[in-house]
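Q: As you go down the protein sequences, you meet chains Z and A in turn. For what it's worth, the numbering used here labels the leading residue of the first sequence as 1, then goes sequentially. For what it's worth, the numbering used here labels the leading residue of the second sequence as 503, then goes sequentially.
Hint data in this document are derived by calculation from the structure and do not stem from the laboratory. Note that this is a predicted model, so its numbers are computed, not measured. Where is the CB? At the ideal position from N, CA and C, for every residue including glycine. Please note that the accuracy of each hint is not assured.
[Stated by the list, open to error] Simulated restraints, written as ranges between beta carbons of each label pair:
1) A:ASP691 x Z:VAL242: 54 to 60 Å
2) A:TYR630 x Z:HIS251: 28 to 34 Å
3) Z:GLY283 x A:TYR630: 56 to 62 Å
4) A:LYS641 x Z:LYS268: 26 to 32 Å
5) A:ARG598 x Z:ILE491: 36 to 42 Å
6) A:GLU608 x Z:LEU71: 41 to 47 Å
7) Z:LEU67 x A:LYS602: 27 to 33 Å
[As the list claims (entries may be wrong)] To spell it out: a stretch of chain Z is covered by chain A in this simulated footprint if at least three of its residues, at any positions, have a beta carbon under 8 Å from a beta carbon of chain A; those stretches are:
8) 78-86
9) 325-331
10) 340-351
11) 469-477
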Amino acid sequence: MGLFVRFQTIVRLAIILTILFASQSVWASAEVPDAEHQDAAAHESHGPNLGKILPLWSVIPFAGILLSIALFPLIKPHFWHHHYPKVSLFWALVFAVPFLIVFKVSAAHSIWHIMFLDFVPFIILLGGLFTVAGGIVVKGSFRGTPVVNLILILIGTLLASWIGTTGAAMVMIRPLLRANVWRKNYVHVVVFFIFLVANIGGSLTPLGDPPLFLGFLHGVSFFWTMFNISTQTLFVSGMVLVVFFVLDTYHYRKEDPPPDDGVKEPIKVEGLHNLLFLGGIIGAVLFSGLVHLGEIPVGLGIMQTGENLARDLFIIGMGAASWVTTKKVLREANEYSWGPILEVAYLFAGIFTTIIPALAILKAGDSGALAFLTNAVNTPGRYFWATGVLSSFLDNAPTYLTFFNASMGQLYPGVAEPEAVQYLMGNVAASGVASGQNYLAAISAGAVFMGANTYIGNAPNFMVKAIAEEAGVPMPSFFGYMLKYSIPVLIGIFVLNSLIFF
Amino acid sequence: METPYVEVVFTGRSESVKMLLADLNAESPSAFGPFFISSEVGITKEGRVRKVLEAIQLVEEHVYVLVPVKDLSVIRKRVADSGIEIHSAHVVVEKRLSFKFECFNEEVAGKITAVFESLPPGVILEGYDPKTKRDDSAKGQELYSPTHHYEFSGQGVAKGPVKGLIELRRTITELPHIEVKKISLVLGDEASD
Numbered sequence: 001m002g003l004f005v006r007f008q009t010i011v012r013l014a015i016i017l018t019i020l021f022a023s024q025s026v027w028a029s030a031e032v033p034d035a036e037h038q039d040a041a042a043h044e045s046h047g048p049n050l051g052k053i054l055p056l057w058s059v060i061p062f063a064g065i066l067l068s069i070a071l072f073p074l075i076k077p078h079f080w081h082h083h084y085p086k087v088s089l090f091w092a093l094v095f096a097v098p099f100l101i102v103f104k105v106s107a108a109h110s111i112w113h114i115m116f117l118d119f120v121p122f123i124i125l126l127g128g129l130f131t132v133a134g135g136i137v138v139k140g141s142f143r144g145t146p147v148v149n150l151i152l153i154l155i156g157t158l159l160a161s162w163i164g165t166t167g168a169a170m171v172m173i174r175p176l177l178r179a180n181v182w183r184k185n186y187v188h189v190v191v192f193f194i195f196l197v198a199n200i201g202g203s204l205t206p207l208g209d210p211p212l213f214l215g216f217l218h219g220v221s222f223f224w225t226m227f228n229i230s231t232q233t234l235f236v237s238g239m240v241l242v243v244f245f246v247l248d249t250y251h252y253r254k255e256d257p258p259p260d261d262g263v264k265e266p267i268k269v270e271g272l273h274n275l276l277f278l279g280g281i282i283g284a285v286l287f288s289g290l291v292h293l294g295e296i297p298v299g300l301g302i303m304q305t306g307e308n309l310a311r312d313l314f315i316i317g318m319g320a321a322s323w324v325t326t327k328k329v330l331r332e333a334n335e336y337s338w339g340p341i342l343e344v345a346y347l348f349a350g351i352f353t354t355i356i357p358a359l360a361i362l363k364a365g366d367s368g369a370l371a372f373l374t375n376a377v378n379t380p381g382r383y384f385w386a387t388g389v390l391s392s393f394l395d396n397a398p399t400y401l402t403f404f405n406a407s408m409g410q411l412y413p414g415v416a417e418p419e420a421v422q423y424l425m426g427n428v429a430a431s432g433v434a435s436g437q438n439y440l441a442a443i444s445a446g447a448v449f450m451g452a453n454t455y456i457g458n459a460p461n462f463m464v465k466a467i468a469e470e471a472g473v474p475m476p477s478f479f480g481y482m483l484k485y486s487i488p489v490l491i492g493i494f495v496l497n498s499l500i501f502f
Numbered sequence: 503m504e505t506p507y508v509e510v511v512f513t514g515r516s517e518s519v520k521m522l523l524a525d526l527n528a529e530s531p532s533a534f535g536p537f538f539i540s541s542e543v544g545i546t547k548e549g550r551v552r553k554v555l556e557a558i559q560l561v562e563e564h565v566y567v568l569v570p571v572k573d574l575s576v577i578r579k580r581v582a583d584s585g586i587e588i589h590s591a592h593v594v595v596e597k598r599l600s601f602k603f604e605c606f607n608e609e610v611a612g613k614i615t616a617v618f619e620s621l622p623p624g625v626i627l628e629g630y631d632p633k634t635k636r637d638d639s640a641k642g643q644e645l646y647s648p649t650h651h652y653e654f655s656g657q658g659v660a661k662g663p664v665k666g667l668i669e670l671r672r673t674i675t676e677l678p679h680i681e682v683k684k685i686s687l688v689l690g691d692e693a694s695d
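Given these sequences and hints, build the entire structure.
A: What follows is the structure, given as structure tokens:
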């Protein structure tokens with residue numbers, strides 16, 4: 001599509017949406033705050049007012065960007081590779097332009113709020129963790145026996161909750177591939193690596209998988225998932241590891257004897273000083289959850305807490321320190337580049353912009369246009385599967401946020417977010433409201449675990465696939481991954497998990 | 503030039519068919535054969551439904567064998583006393599082996615190229631036009647836009663003598679990056695002795 005045609009398309013879509021928005025706001029004019037009350041409404045821009053007004057089709061750009069992220073890499077990978085920032089911008093503008101024209105200050109407030117309080121910290125944390133992890137290199141000669149593979153995958157699984165699933169995948173995938181390069185059949189080793197290191201292992205802290213950090217940014221305490229879903233993580237990862245060991249043993253027995261490679265490189269980890277910076281990042285995140293340093297205005301009536309600003313600046317500092325103090329050759333060994341962080345930045349800028357109506361509508365609960373969703377998904381088990389199934393095919397971070405807000409809208413309609421999140425975490429003493437603990441556990445587990453179901457469920461899945469393919473591993477196709485691996489191995493375990501815990 | 507072949511479909515237990523053919527081969531090893539049991543060398547035979555029906559004995563077992571035309575009369579005479587029947591015997595007009603591949607590693611691409619540059623005697627390739635694509639902008643790790651800086655892909659059809667195709671198929675299946683189907687046969691008229 002030529003540049004002019006694309007521009008025309010954007011303009012036409014924006015005009016259509018503006019007209020639709022305007023007509024909707026005229027019809028619901030009694031509920032649109034006038035200029036005098038815009039500031040007050042601006043404080044509740046995610047709150048029930050906007051959520052009651054916005055029509056269902058306002059989530060089309062959100063659906064559009066998620067489907068673009070899911071489908072373009074499969075059907076038009078080269079186009080997507082070269083143009084994904086423009087596609088993200090397209091969807092963001094299609095929503096933002098008419099939104100700003102019609103809702104003016106409320107809209108500006110909403111966009112600024114989500115970008116400054118969610119998007120910026122999100123990118124800073126992911127960038128910091130990725131930079132620090134990218135300076136750690138595992139070297140040495142490993143022989144890919146079932147025991148060695150199990151240990152390498154277990155190490156990656158444990159690391160995932162502390163350096164992020166992307167970081168853990170980047171650090172551990174190459175040693176695992178080197179260990180198995182002499183084998184004829186080790187595709188399953190990489191697939192189970194995706195299951196555990198790139199997904200399930202990241203479920204214990206907000207540093208692990210991006211959805212959990214979004215929860216943390218919205219008030220879920222740092223150790224909440226560790227205390228509330230670690231049993232599930234142990235169960236699911238334990239079962240998957242057992243299946244892996246049995247399968248790998250079966251395949252290993254059919255291999256020819258391993259070659260004698262002569263001199264073996266001793267096993268060592270280089271760039272270990274980055275663990276200090278990792279500790280700094282963990283400390284900064286913990287700090288922001290425990291300390292209160294007042295609030296600082298950041299424009300349009302938005303207040304950011306001092307501890308969050310301090311955390312973000314400190315994480316940037318840790319990333320910069322890692323960059324400066326780590327030898328370039330180590331980053332080259334990990335094929336480190338800024339590309340992945342730029343991808344996340346461009347795509348999530350679009351996601352966070354377009355998610356605004358979905359979140360507002362869901363928070364409005366029965367009064368919003370997505371009441372049918374909140375009414376249908378109304379038990380922890382259903383939340384587990386709804387979040388999980390959607391996380392399988394759409395990125396799990398916005399999916400988590402969607403159901404996180406849906407649960408608040410359903411369980412605690414009209415309650416301000418900070419309070420509602422406390423209730424969701426189960427801190428309901430003396431409040432008389434029902435605990436949402438099981439719901440939050442279901443949403444967290446569903447989003448993180450089921451990102452493993454497809455290549456598009458979580459960002460590191462594709463990265464691991466690509467690295468393995470470039471190392472010569474014949475990775476299965478999109479449907480081959482599901483039919484041969486994730487459906488037979490994972491779904492049954494998730495069913496058991498659901499029956500036992502929800 | 504290769505001996506013309508006939509696909510003979512026997513009705514009977516596969517062990518009995520194999521024993522009959524082995525006996526004939528043992529009696530005159532230089533004159534009889536070579537024959538190929540389709541299921542053992544990757545030649546298409548009946549579909550899965552028939553296999554299931556055979557397994558639960560709702561239909562009689564069919565055993566597909568490729569035999570040289572010259573041996574058909576000998577086989578017909580021998581089966582008369584054996585309890586095996588010949589269900590059909592059709593001349594094989596053409597044998598084809600379809601394949602396609604895609605890889606992102608130059609070492610693997612080299613192995614694939616080597617296979618198709620040293621074909622078994624008599625085997626030719628049709629429609630084989632491998633493509634190499636390089637995109638330096640795709641170097642490095644990616645999360646959401648996973649393209650490769652090197653791509654080698656292609657497809658084609660191999661034709662030729664049965665033995666050559668069987669040997670090629672055996673070689674190709676050693677390389678998991680190549681998707682290969684079973685050897686398919688184009689059958690002609692019912693064969694006469």
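Q: Could you run down the list of hints and mark each one as holding or not?
A: Tested hints:
1. A:ASP691 x Z:VAL242: 54 to 60 Å: For VAL242 of chain Z against ASP691 of chain A, whose Cβ atoms are near 57 Å apart, the range 54 to 60 Å holds.
2. A:TYR630 x Z:HIS251: 28 to 34 Å: 32 Å, holds
3. Z:GLY283 x A:TYR630: 56 to 62 Å: Since the Cβ atoms of GLY283 of chain Z and TYR630 of chain A sit about 60 Å apart, the hinted range of 56 to 62 Å holds.
4. A:LYS641 x Z:LYS268: 26 to 32 Å: With Cβ atoms ~27 Å apart, the hint holds.
5. A:ARG598 x Z:ILE491: 36 to 42 Å: 38 Å, holds
6. A:GLU608 x Z:LEU71: 41 to 47 Å: Hint violated: Cβ distance 29 Å, outside 41 to 47 Å.
7. Z:LEU67 x A:LYS602: 27 to 33 Å: 28 Å, holds
8. 78-86: Held - the stretch 78-86 of chain Z has 5 residues with a Cβ nearer than 8 Å to chain A, which meets the minimum of three.
9. 325-331: violated (count 0)
10. 340-351: Holds, because 4 residues of the stretch 340-351 of chain Z bring their Cβ atoms closer than 8 Å to Cβ atoms of chain A.
11. 469-477: Result for this restraint: holds, n = 5.
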